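Protein sequences appear in the order of chains H and F.
Following the working numbering, the numbering of the first sequence begins with 1 at its first residue and continues without gaps.
Following the working numbering, the numbering of the second sequence begins with 1 at its first residue and continues without gaps.
Don't take each hint at face value.
[Unchecked claim] Here are the simulated lysine to aspartate or glutamate pairs, EDC-like style, with alpha carbons at most 20 Å apart:
| hint | chain 1 | residue 1 | chain 2 | residue 2 |
| --- | --- | --- | --- | --- |
| 1 | H | K359 | F | D389 |
| 2 | H | K98 | F | E671 |
| 3 | H | K244 | F | E678 |
| 4 | H | K359 | F | D388 |
| 5 | F | K516 | F | D482 |
| 6 | H | K359 | F | E319 |
| 7 | F | K36 | H | D296 |
| 8 | F | K39 | H | D300 |
[Unchecked claim] Label pairs and their computed distance ranges (CB to CB):
| hint | chain 1 | residue 1 | chain 2 | residue 2 | range |
| --- | --- | --- | --- | --- | --- |
| 9 | H | G417 | F | L648 | 29 to 37 Å |
| 10 | F | I616 | H | G417 | 36 to 44 Å |
| 11 | H | V356 | F | P429 | 29 to 37 Å |
| 12 | H | P210 | F | T241 | 50 to 58 Å |
| 13 | H | E427 | F | K231 | 21 to 29 Å |
| 14 | F | Q585 | H | V56 | 26 to 34 Å |
| 15 | F | D34 | H | P219 | 17 to 25 Å |
| 16 | H | R231 | F | P141 | 24 to 32 Å |
[As the list claims (entries may be wrong)] Pulled from the structure, derived: some chain F residues nowhere near chain H, Cβ distances all over 12 Å:
| hint | residue |
| --- | --- |
| 17 | P81 |
| 18 | T172 |
| 19 | K261 |
| 20 | V299 |
| 21 | P327 |
| 22 | H533 |
| 23 | A546 |
Bear in mind the hints are in silico, worked out from the structure with no lab data behind them.
Quantities reported herein were computed from a predicted structural model and do not represent experimental measurements.
Beta carbons: idealized from backbone N, C-alpha and C, even for Gly.
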Amino acid sequence: MGSSRPAIGPHRLTRRQLMAGAASLAVPIFVPASVLGRQATAPSERITVAAIGAGVRGAHALASLLPLDDAQVLAVCDVRKPRLDAAVQRMQDFYADKLGKAKWRGCTAYHDFQELLARPDIDALLVCPPDHWHGVVMTRAAQAGKDMYGEKPISRTIAEGIVVRDAVRRGGIVFQTGTQQRSDPNFRQACELARNGYVGKIHTVEVAAPGGRTYETEPPAPVPAGFDYDRWTGPAPFIPFDNKRCEWLAMYMISHYCAGFICNWGVHHLDIAQWGCPEITTEPFELDGKGQFPQDGMTDTCIAWTTEFRYPSGLRMTYSNDDNPNATGCRFVGDEGWVHVNRSGIWAKPASLLRVQLKPGDLHLHASPYVDPNVYTNHTADFLRAVRNRRDPVSSIDDGHRASTLGNVADIMVRLGRKVKWDWKTERFVDDDEANAMLSRPMRSPWTL
Amino acid sequence: MTRLNTTLWLVALLVCSLAGWQATAADNASAEVDWKAVKSYQYGQDLKPLLVLERATYASLASPAQRQAMARQLLGVLSDPKATPAARQASAIQLRTVARDEEIPALVKLLDDPAVAEWARETLQRVPGPKSLEALRKVLPQLKDTMLLGTINALGARKDADAVPAIASLATSHDPAVAEASIRALGKIASPAAFEALARLRGTAAPDSRDTVPIASLQAAQNLAATAPEKVAPLFDSLGTSDNPPAVRRAALKGQLSLQKDPTVQVLQWLAGQDSDARQVAADELRLLNAPAQTRTLVEQLPQLPPAGRALVLEALAERLVADALPVAVQAASDADPCLRLAGVQSLAMLGQKSHVALLIQRLADSDARIATAARESLVRISAAGADDAILAGLKTAGDPQRGILVELLAQRRAASAIPSLVLEASQPEPDRYARAVASLRSLCTPGDLPALTRLLLDLPKGAQRDEIEKTIMLVCQQVDDPQSRAQPILAIMAQLKPADQFVLLPLVGRIGGQKAHEAIQKAIRDSDPAVHEAGIRALCNWPDASASEPLLKLAQEAPNPHRVWALRAYIRVISLPSDRPEAQTLAMLQQAMKLANDLPEKKLVLSRAAAVRSIETLRWVAPYLDDPALAQEACRTVVELAHHRFLMYPNRAEFVPALQKVIATCQNQELVNRAKEYLQRQ
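Could you put together the complete structure from these sequences and hints?
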C-alpha cells in the first residue's frame with residue numbers, strides 16, 4: 001500500500017473512560033430546547049433525549065451522548081427489565097454525580113415506546129432497537145415529531161425504509177443515521193479527495209465489510225424473568241425463545257431480525273462509497289455476484305459475498321466481505337491514483353495525496369464537530385447541532401436510507417442467485433417481479449408502519 | 001404425411017420434450033429437499049433442512065414448473081396438521097416467495113385454522129397481483145382480533161384502493177385497535193377516496209383514534225399534493241393552525257410550503273417571526289431553496305433578519321460558498337448574540353480569507369465552549385490562500401491553551417509547511433507542549449522529514465521526550481512500502497554521523513525492524529566494544545514482531561543480567577502480539593517465560609500479556625494466581641479482560657463465574673471490580 005495515517009480511532013476511549021471524563025464537565029441547567037423553539041435557543045440550553053433500546057448499541061449511543069453538555073437523558077425504553085433498570089440506573093448515577101447530588105431521579109423507565117413518544121418534553125430520541133423494529137419505531141417517532149438518531153440500517157426492508165424516510169421528511173424531522181464513519185476525519189478526507197478529483201476520474205469503488213458467521217443450534221429455553229419476548233419479537237415471525245437469538249451477535253445473523261452483515265455492517269462502508277462517489281446512489285445499476293449461506297446451525301443470512309455493481313457511465317463498484325477479495329473499508333480508484341480508508345487508517349497512492357489541502361472552491365463535505373477523541377461522541381455532537389439549527393446532520397435520512405438500500409439490494413440479489421437491475425427513481429427493481437416482491441416483508445399482527 | 005402434419009408432429013414432440021425437461025427440473029428442485037426432515041422439524045433443531053429448503057425455493061424460480069412444484073409442496077406442509085408447527089411456519093415463509101394465484105384458494109381456507117391463520121395471511125399478503133387483494137378484501141368482514149388487524153394492515157401495506165370502503169367503515173369501529181389500524185391503512189393507501197374518507201373521519205373518529213387521523217391524512221396528502229393540490233391545500237391550512245399538536249402542525253406547514261411555487265418569501269417571513277413551529281419548518285426548508293434566484297433573495301434579506309433567522313440563513317449560504325454573505329459572516333463572528341456568533345464563526349470556514357484567521361484564533365478563547373470548538377473547526381477547514389501562514393504567524397504569539405490547539409489543527413489541516421515550526425515546538429521541555437507537537441509531526445511527516453527528526457532526537461537527552469521522538473521516527477519509517485527496507489533511511493543517516501552517535505540510533509533501528517536493521521543489529525551485537533554490543537542488545541529487544549523471539553529467548557536463557565531481563569521482557573512482549581500462531585502454542589510460550597522469570601515484574605508482565613490469548617485454557621492457567629497475593633492484581637485484570645469477550649465467556653460461564661467472583665473479592669481496582677460485576681450480570 002501507499003502511505004498511511006492511523007485512524008484517530010472510534011474506539012480510542014472506553015465507555016468507562018468516557019463516563020469518567022464526562023462526570024467532570026460543567027453542571028447543566030435543564031431546559032428542554034423545544035420550549036424555546038430550538039433553533040432560537042442559546043447554545044447553553046439542553047436538548048432533552050430519550051433512548052429506545054438499551055442493548056449493546058443503545059448503551060453505546062447513550063455513552064456517546066453523556067460527555068456532551070448540551071443534552072440530557074430523561075427516559076430509557078427497553079423490553080428487558082433488567083437491562084432497562086440497569087440503563088436507567090446508569091443515567092441516574094451519572095447525573096447525580098454531575099449535579100453533585102446524592103440521588104437523581106430524572107430518568108424514567110418505559111416498557112412501551114409509544115408511551116415514551118407521547119411525552120411532549122422530550123425533544124430527541126436515540127433509536128436503537130433490533131433492526132426488525134427500526135421501521136415501526138422510526139415511523140411512529142417521526143409522526144410524533146421527535147428528532148432522531150437512528151441506528152443503521154434504516155430498516156429491515158427497502159419498503160420500510162421508504163416509509164421512514166417519507167415520514168421524516170414530511171414531518172420536518174432532524175434525523176441522523178448511525179453511520180458514524182462520516183464523523184471520522186479520515187473518512188471525510190478520503191471522500192473529499194474522491195469528490196474533488198484528486199484521484200482522477202473514478203472508475204472503480206471497492207468496498208468490503210466483515211462477513212457473517214454461523215452459530216450452533218440452541219434449544220428453546222424459558223424466557224428470562226422481566227423479558228417481554230413477545231414484544232421483542234414484535235413485527236418479526238414468532239419463534240420460541242432460546243438463549244442466543246436475541247443476543248449480540250447472533251440476532252444480526254438471523255433473517256427474521258436482520259438482513260445479516262451484508263447489509264447491517266456493510267452499510268457503514270457502502271455509505272462511504274456513496275459519500276465519495278454519489279453516482280453510486282443516484283444512477284441506476286446492474287448487480288451481479290454470488291453469496292455463500294450457512295449449511296447448518298441456527299442462522300440463515302449470508303456469510304460471504306462477492307458482488308459487482310455496474311453503472312451506465314462505466315463506473316463499477318465491487319462489494320465483498322473482507323478479503324474476498326476486497327480489503328476491508330472503501331477504496332476509490334481513479335485514473336490518477338487511489339485512496340483507501342477504513343477504521344484503522346487511510347492510505348493513498350501516490351502517498352502525497354494524503355497531504356493534499358483542499359483549495360478554495362473545492363467541495364468541502366459536512367464536518368462533524370470535533371469535541372472528543374471518540375468518533376461516536378463527535379457524531380452525536382453533530383446530531384445535537386443539527387437539532388438546534390434544523391439542518392441535516394452529516395448522515396441524513398436520505399443518506400442512511402440509500403446506503404441501507406444498497407445493502408438490502410445486495411442481499412436480495414445473492415438470495416435470488418442472479419443478476420438484478422435497480423432504479424433509484426422508482427426505488428424498484430427493473431422488470432423483476434420476483435425481486436420486487438422482496439422489497440417488503442409482511443409484519444406479524446398487530447404491527448404495522 | 002403432409003409437410004404440415006410433419007411440422008405439427010415435430011412441434012408436439014418438442015413440446016412434450018420441453019414438458020418432460022421441465023418436470024425433471026421441477027423434480028430436481030424439490031428432490032434437493034428432505035421433505036420428511038422438513039415436516040418433522042422442531043424449533044431449536046439444526047436449521048439444516050430448512051436452509052436447504054430455502055435455497056431450493058429460490059432455485060425453483062428458475063422456471064414456472066419448478067416454482068409451481070415447490071409451491072405445491074410447501075402448501076402441502078403448511079396444510080398438513082401432522083407437520084410440526086415449526087415446519088408449517090417455515091413452509092409459509094418460503095411459500096411467500098413462490099405462491100401465486102393458484103395457491104390463493106388453499107391459503108384462504110387456512111385462514112380458518114387458528115394454528116396457521118396468521119402465517120397464511122402473511123403469505124396471502126405477498127402473493128402478487130389483484131387476486132390476492134380480492135381474497136383479502138373478501139375475508140375481511142369475517143375476521144376479528146389480530147387476524148382482522150393483520151388483514152387491514154396487509155391491505156394498507158399493499159395500497160389497495162379497492163379496500164377503501166371496507167376499511168373506512170372499520171375506521172369508526174368501537175375497537176380502538178381496529179379503528180387505529182384502519183385509519184393508518186387509509187393513510188398508506190392514499191388514494192383520493194382514502195383521503196376523502198380520512199377527511200370525514202376528522203370529526204367522527206372515536207376519541208382513542210382521533211389523534212391518528214391527522215397523521216394519516218398528512219401521509220395521504222403527501223401522495224396527492226403533486227396531482228391534486230387543490231384537494232390537499234385546505235387540509236394543510238386547517239392542520240397548520242396553532243391549536244393542532246406541534247408535530248401535526250409542523251407537517252402541515254411543510255405541506256403548505258410544498259404547494260408554493262417559490263416558498264422563499266414565506267420561509268423568510270417565518271424565520272423573522274415569533275412562531276417557533278413555523279421557524280423550525282422554515283429552517284428545514286432552507287436546504288431546498290438553492291435555485292440562483294432563491295439564493296439571491298436570501299442574500300438580500302439576510303441583514304434584515306433577526307439574529308436566529310440570520311444565523312440559519314448565513315450558514316445555508318456559506319455552505320453554498322456564496323461570497324456575498326462574507327460581510328455578514330465577519331460581523332456575525334463578533335456579535336454579542338451567541339447563536340449569531342456561532343454561525344459567523346462556522347461560516348468563515350467556507351467564506352473566510354487569510355485576513356480572517358486572526359479573528360478565528362481570537363474566537364478560540366470564546367467564553368462559549370461551543371463557539372470555541374467551532375472556531376477550531378473553522379481554522380481546520382478554512383481553505384483560503386495563505387491561511388497556513390496566517391495560522392503559523394498566530395502560533396508565534398499565541399499563549400496557552402491556544403498555542404496547543406493551533407499545533408494540533410495544523411496537522412489536521414495537513415499543513416506540511418508547518419513542520420519546521422512543529423519540530424521547534426517538539427524540542428520544548430514542557431511535556432504538554434512537546435506531546436502535542438509530536439502528535440502533529442506523526443501525522444504530517446514523511447520519510448523526507450527524517451533528517452530533521454533525527455537531528456532533534458540526537459539533540460535531546462535520554463527520557464520520555466526522546467522516546468516519543470524515537471517512536472515518531474519509527475512511525476514515519478513505516479510509510480516505506482517495503483518492510484525490509486524501512487530502516488534504510490535511518491541507516492543512511494547513521495552512516496553520515498560520527499561513530500558515537502551511530503550506535504545511539506541503533507535501538508531506534510531495532511524498533512523499525514526489517515532485514516537491513518537485522519543485519520546492522522547482529523553486527524553490533526558481535527562488536528567487541530561493550531557500548532556498541534549493549535546498543536545491539538537493546539535494539540534487538542525493541543524488535544517489532546515475533547520474528548526475533550528465538551534469539552530473544554536464547555538471551556533470556558543465557559545472557560548475563562541486565563541483558564537477560566531485557567531480553568525476557570522483550571520475549572514476553574513479542575510472543576503475545578497478534579499472530580497466526582495457535583493460541584495453545586502462545587500460551588505454552590508464556591508459561592515457559594513464567595518459568596524463566598525470577599522476579600515479580602517479569603511474572604506480572606507474563607500474566608498481564610496472557611490476556612491477549614483468548615482461550616479457556618488461559619483462564620484455567622491464570623485463575624490459580626488469583627490466590628497468590630503477589631500476583632493476584634495482574635491475574636484479576638487478565639481474568640476480567642478475558643471475560644470481556646462474550647464468545648469466550650458465554651460457553652464457559654461455569655468456569656468464569658467463580659473466577660470473576662474472586663476478582664470482586666480480591667481486586668483493589670474498582671474499575672475492574674465494576675466490570676467483573678457487569679460481566680456476571682450480562683445475560
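Here is what the structure says about each hint:
no.: 1; hint: H:K359 / F:D389; in the structure: 15 Å, holds
no.: 2; hint: H:K98 / F:E671; in the structure: 18 Å, holds
no.: 3; hint: H:K244 / F:E678; in the structure: 19 Å, holds
no.: 4; hint: H:K359 / F:D388; in the structure: 12 Å, holds
no.: 5; hint: F:K516 / F:D482; in the structure: 11 Å, holds
no.: 6; hint: H:K359 / F:E319; in the structure: 15 Å, holds
no.: 7; hint: F:K36 / H:D296; in the structure: 17 Å, holds
no.: 8; hint: F:K39 / H:D300; in the structure: 19 Å, holds
no.: 9; hint: H:G417 / F:L648: 29 to 37 Å; in the structure: 36 Å, holds
no.: 10; hint: F:I616 / H:G417: 36 to 44 Å; in the structure: 39 Å, holds
no.: 11; hint: H:V356 / F:P429: 29 to 37 Å; in the structure: 34 Å, holds
no.: 12; hint: H:P210 / F:T241: 50 to 58 Å; in the structure: 51 Å, holds
no.: 13; hint: H:E427 / F:K231: 21 to 29 Å; in the structure: 25 Å, holds
no.: 14; hint: F:Q585 / H:V56: 26 to 34 Å; in the structure: 32 Å, holds
no.: 15; hint: F:D34 / H:P219: 17 to 25 Å; in the structure: 21 Å, holds
no.: 16; hint: H:R231 / F:P141: 24 to 32 Å; in the structure: 30 Å, holds
no.: 17; hint: P81; in the structure: 19 Å, holds
no.: 18; hint: T172; in the structure: 18 Å, holds
no.: 19; hint: K261; in the structure: 19 Å, holds
no.: 20; hint: V299; in the structure: 18 Å, holds
no.: 21; hint: P327; in the structure: 18 Å, holds
no.: 22; hint: H533; in the structure: 34 Å, holds
no.: 23; hint: A546; in the structure: 20 Å, holds
Checked against the numbered hints given earlier, the structure satisfies every one of them.
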